[in-house]
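Participant: Listed here are the chains, written in short residue letters.
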Amino acid sequence: MEWLTGNFGDFWSTYSTLIFQVGVHALLALSIWLTLSCGLLSLANAAFMGIGAYVSALLTLHLGWSFGAVLLAGGLAPAAVALIIGAPVLRLSGVYLAMATLAFGEVVRITILNLEITGGPEGLNGIPLATEGWHIVLILALTVYGLARLRRSKVGRAFEAIKEDEVAARLMGINVDRYKLLAFVLGGFIAGVAGALNAHFTFFISPREYGFESAVDILTMAVLGGTSGLFGPILGASILTLLPELLRSLHDFRSLVNGAILVLVVLFLPKGIWEPRRIRAWFKRLKGAKA
Amino acid sequence: MNAPNLLSIRNVGKHFGGLHVLQDVSFEVPAGSIYGLIGPNGAGKTTVFNLITGLLAPSSGNIAFRGESLLGLEPYRITHRGIARTFQNIRIFREMDLLENVMVGVHEHLNYGPAALFFNTPAYRAAEKRARERARELLTWVGLDHKADLLADNLSYGDQRKLEFARALATEPKLLLLDEPVAGMNPSEKAILMEEINNIRERGYGVFMIEHDMRFVMGLCDRIAVLNFGRIIAEGTPDEVRNNPEVIEAYLGKEDAA
Amino acid sequence: MLEQQLLNALTLGSVYALFALGFTLVFGVLAIINLSHGAMFMVGSYAALTLVTRLDAPLWAAMLGAMLISGTLGLLVDVLILKPLRARNAPHLIPMIATIGVSIMLTSAAQGLFGAEVLRFPDDTLPAGEFVIGEVHVRALEIAIVAIAFVLMAALFTTLKRTQLGRALRAIAESPKAAWLLGINVEGLFHVTSFVAAALGGIAGVLIGLDFNAITPQMGQPILQKGIAAIILGGMGDIRGALFGGLFLGFAEVLSKAYLSSQMGDAVAFGLLFLILLVRPSGLFGRKLERKA
Numbered sequence: 001m002e003w004l005t006g007n008f009g010d011f012w013s014t015y016s017t018l019i020f021q022v023g024v025h026a027l028l029a030l031s032i033w034l035t036l037s038c039g040l041l042s043l044a045n046a047a048f049m050g051i052g053a054y055v056s057a058l059l060t061l062h063l064g065w066s067f068g069a070v071l072l073a074g075g076l077a078p079a080a081v082a083l084i085i086g087a088p089v090l091r092l093s094g095v096y097l098a099m100a101t102l103a104f105g106e107v108v109r110i111t112i113l114n115l116e117i118t119g120g121p122e123g124l125n126g127i128p129l130a131t132e133g134w135h136i137v138l139i140l141a142l143t144v145y146g147l148a149r150l151r152r153s154k155v156g157r158a159f160e161a162i163k164e165d166e167v168a169a170r171l172m173g174i175n176v177d178r179y180k181l182l183a184f185v186l187g188g189f190i191a192g193v194a195g196a197l198n199a200h201f202t203f204f205i206s207p208r209e210y211g212f213e214s215a216v217d218i219l220t221m222a223v224l225g226g227t228s229g230l231f232g233p234i235l236g237a238s239i240l241t242l243l244p245e246l247l248r249s250l251h252d253f254r255s256l257v258n259g260a261i262l263v264l265v266v267l268f269l270p271k272g273i274w275e276p277r278r279i280r281a282w283f284k285r286l287k288g289a290k291a
Numbered sequence: 001m002n003a004p005n006l007l008s009i010r011n012v013g014k015h016f017g018g019l020h021v022l023q024d025v026s027f028e029v030p031a032g033s034i035y036g037l038i039g040p041n042g043a044g045k046t047t048v049f050n051l052i053t054g055l056l057a058p059s060s061g062n063i064a065f066r067g068e069s070l071l072g073l074e075p076y077r078i079t080h081r082g083i084a085r086t087f088q089n090i091r092i093f094r095e096m097d098l099l100e101n102v103m104v105g106v107h108e109h110l111n112y113g114p115a116a117l118f119f120n121t122p123a124y125r126a127a128e129k130r131a132r133e134r135a136r137e138l139l140t141w142v143g144l145d146h147k148a149d150l151l152a153d154n155l156s157y158g159d160q161r162k163l164e165f166a167r168a169l170a171t172e173p174k175l176l177l178l179d180e181p182v183a184g185m186n187p188s189e190k191a192i193l194m195e196e197i198n199n200i201r202e203r204g205y206g207v208f209m210i211e212h213d214m215r216f217v218m219g220l221c222d223r224i225a226v227l228n229f230g231r232i233i234a235e236g237t238p239d240e241v242r243n244n245p246e247v248i249e250a251y252l253g254k255e256d257a258a
Numbered sequence: 001m002l003e004q005q006l007l008n009a010l011t012l013g014s015v016y017a018l019f020a021l022g023f024t025l026v027f028g029v030l031a032i033i034n035l036s037h038g039a040m041f042m043v044g045s046y047a048a049l050t051l052v053t054r055l056d057a058p059l060w061a062a063m064l065g066a067m068l069i070s071g072t073l074g075l076l077v078d079v080l081i082l083k084p085l086r087a088r089n090a091p092h093l094i095p096m097i098a099t100i101g102v103s104i105m106l107t108s109a110a111q112g113l114f115g116a117e118v119l120r121f122p123d124d125t126l127p128a129g130e131f132v133i134g135e136v137h138v139r140a141l142e143i144a145i146v147a148i149a150f151v152l153m154a155a156l157f158t159t160l161k162r163t164q165l166g167r168a169l170r171a172i173a174e175s176p177k178a179a180w181l182l183g184i185n186v187e188g189l190f191h192v193t194s195f196v197a198a199a200l201g202g203i204a205g206v207l208i209g210l211d212f213n214a215i216t217p218q219m220g221q222p223i224l225q226k227g228i229a230a231i232i233l234g235g236m237g238d239i240r241g242a243l244f245g246g247l248f249l250g251f252a253e254v255l256s257k258a259y260l261s262s263q264m265g266d267a268v269a270f271g272l273l274f275l276i277l278l279v280r281p282s283g284l285f286g287r288k289l290e291r292k293a
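Protein chains in written order, with our numbering: chain A, 1 to 291; chain B, 1 to 258; chain C, 1 to 293.
Keep in mind the hints are simulated off the structure, nothing from the lab.
The C-beta atom is built at its ideal place from N, Cα and C for all residues, glycine as well.
Some clues are possibly wrong.
Stated by the list, open to error - Simulated coverage check for chain B against chain A, where a stretch passes if three residues somewhere in it have a Cβ under 8 Å from a Cβ of chain A:
| no. | stretch |
| --- | --- |
| 1 | 82–94 |
| 2 | 113–127 |
What the hints assert, rightly or not - In silico DMTMM-like pairs for lysine to aspartate or glutamate, Cα to Cα no more than 25 Å straight-line:
| no. | chain 1 | residue 1 | chain 2 | residue 2 |
| --- | --- | --- | --- | --- |
| 3 | A | K284 | B | E202 |
| 4 | B | K129 | A | E116 |
| 5 | B | K147 | A | E275 |
From just these sequences and the hints, can you work out the full model?
Facilitator: Right, here's the structure in full:
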């Protein structure tokens with residue numbers, strides 16, 4: 001018994017950061033999944049994460065709010081921003097939307113970089129270590145549960161309809177603009193909470209973490225894992241967080257592997273790794289072969 | 001007997017820059033009737049549908065539904081008012097199964113909020129159950145219920161049209177706009193659809209269709225309007241229209257044997 | 001002072017325009033956003049540097065070599081990655097994501113091969129000499145950069161407007177299927193376009209590498225974002241738009257850095273981009289994204 005807990009203790013202290021990261025990345029991947037599920041390619045989630053991280057960190061550092069309160073604020077702040085820019089931005093579609101959200105992300109990053117209160121390029125240091133494992137697990141579980149319920153409901157069907165054929169969706173009585181805004185704002189909220197959680201266990205944040213590269217990483221996780229369901233983004237987040245650790249010996253070339261994975265998945269597994277339909281078909285063929 | 005007509009199109013014009021697609025188009029669709037819109041290709045028929053459903057705004061004129069103007073309304077609001085539509089080139093949701101496709105149609109009639117959704121309340125469950133049952137009912141009505149769990153993409157052409165029909169009915173419309181509903185169907189399928197449209201007329205729905213199949217249109221519609229080069233050249237009962245010299249001329253060589 | 005800044009702006013802007021041209025060429029003809037274009041820019045720079053330092057090539061040869069190398073890389077990306085995706089009729093987002101992967105791979109490879117430090121061209125490679133006109137210092141290098149950029153752009157414009165090849169490309173930009181039905185070798189021209197666009201990106205990289213005399217593996221990143229900004233400003237898919245957008249961006253950046261603050265330069269560019277997208281997504285000369293098959 002002691003051997004088990006002893007080893008677990010060692011395991012935990014070595015890998016807890018990694019596991020926390022998987023959790024946070026899973027939340028981020030789910031946040032972009034949400035917007036993708038309604039046909040929106042939004043690259044703003046890294047920026048939303050950044051807003052959540054900074055707002056929550058500043059509230060903790062300067063106003064001493066409780067952790068629960070800063071988490072909530074960390075989610076509400078980017079959600080509010082999403083609400084404001086959402087209406088005009090979401091009128092764009094496809095690539096234009098991607099570009100606009102990218103540009104927005106850059107504006108946010110540069111703003112953070114230049115404000116005094118955010119510590120400028122040096123970032124914020126000394127954020128109290130408030131996040132614990134159970135916070136992440138709980139929030140991830142709630143998010144997965146909430147999104148799963150959403151998917152099965154009329155909202156999920158509306159998203160799917162909008163993603164497939166916006167015009168037909170409108171003519172079925174769906175208020176497309178409102179639903180797109182919902183996906184965008186809710187995605188922003190989740191990303192913001194993820195940012196707040198992250199800030200409170202890495203105790204140091206800087207604008208560099210919330211730019212184009214992070215936005216691309218988040219997208220990669222969702223695309224890699226598969227966007228047909230909720231498990232895909234979590235799988236993708238896990239793989240892309242753990243893989244660089246496993247490949248640590250490759251040093252600089254682990255980015256190379258990341259990029260290669262992206263290309264290969266796009267070419268050979270267009271819907272990502274976890275694609276229920278393909279997996280089911282594969283199983284059927286297996287059974288058929290045995291019989 | 002002075003109830004407003006179901007659909008009232010008055011002096012509607014539409015132009016794109018210098019291109020006049022519709023000019024001074026007027027007609028009335030009375031409640032509980034089946035109305036047809038025919039005309040050579042490119043006459044502007046689908047544009048009329050696009051104007052009614054709010055996808056386009058008329059350059060001039062007015063469109064009123066049950067006495068209230070539809071101008072300036074968003075398409076989804078027009079659907080809420082009671083107008084549903086099918087498409088010439090079929091726009092079903094291919095990646096969803098049949099049941100889900102029809103359930104999308106029920107969307108606006110499901111009134112639960114985020115709390116009910118999140119906590120899986122009895123009210124939510126009951127609403128979803130009703131939606132599912134209604135969808136099944138409609139699928140059964142068009143003869144597709146045994147395929148309810150199939151992906152819409154896997155349907156045959158004729159079945160896809162039936163699905164679109166069922167989905168449009170799911171929105172509980174008072175007026176159903178059908179854009180070439182029998183294109184690509186074989187005679188027995190057409191006969192079945194003719195039967196179904198007559199049935200829904202009996203249930204009080206109004207139907208407004210665009211079609212090229214003359215036998216279908218003449219056999220089903222109470223009144224027909226003929227559009228040519230963006231203008232109405234004739235309007236009346238099938239017999240009146242059939243014998244109208246202008247109509248015959250417009251269709252010279254293009255008319256299916258009546 | 002102002003004239004000096006305007007000169008700097010012209011230099012920077014013409015290279016931005018060159019880069020944006022390659023980018024918009026791919027968008028117009030292949031209808032995809034090739035996010036590896038920034039990496040081609042970076043590759044061109046390193047290629048020229050290597051040719052100069054390892055093979056003692058004269059600068060003009062290194063430039064040609066850089067264009068060849070980036071061009072070939074662009075061609076490979078098209079043949080190996082974009083072509084299978086076209087065959088599958090993948091929605092626009094998918095090739096875009098694939099090119100992101102390529103970009104990451106190339107950047108990482110460059111870092112692995114050359115290290116992350118800032119590299120420079122040897123001093124004797126750069127054309128020396130400076131003219132003084134009034135109070136403005138004009139480096140021979142700047143003249144060379146602007147000249148090369150404009151010559152290449154002019155060549156591109158002429159090809160597109162006056163030659164059979166150009167007409168074929170414009171036909172494809174309108175509708176690949178129609179072009180194919182007319183007997184145009186659409187697939188082959190996709191390859192050619194990818195090659196030329198990447199080559200233009202590569203030479204732009206060399207020019208910027210010379211102008212700032214700083215080459216790093218990450219240099220493709222900011223230029224990519226600016227390229228996107230440039231073509232959105234000027235209108236995606238339109239080559240006049242790329243020229244205008246690139247120049248405008250160069251001027252906006254240099255002038256805001258000089259007269260507002262150095263950090264705000266980038267913020268201005270992106271803020272502008274964001275606003276333009278909201279107000280007029282098709283840019284000044286732009287065309288709609290969806291085109292007929």
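Participant: Which of the stated hints cannot be reconciled with the structure, identified by number in ascending sequence?
Facilitator: Numbers 3 and 4, in rising order.
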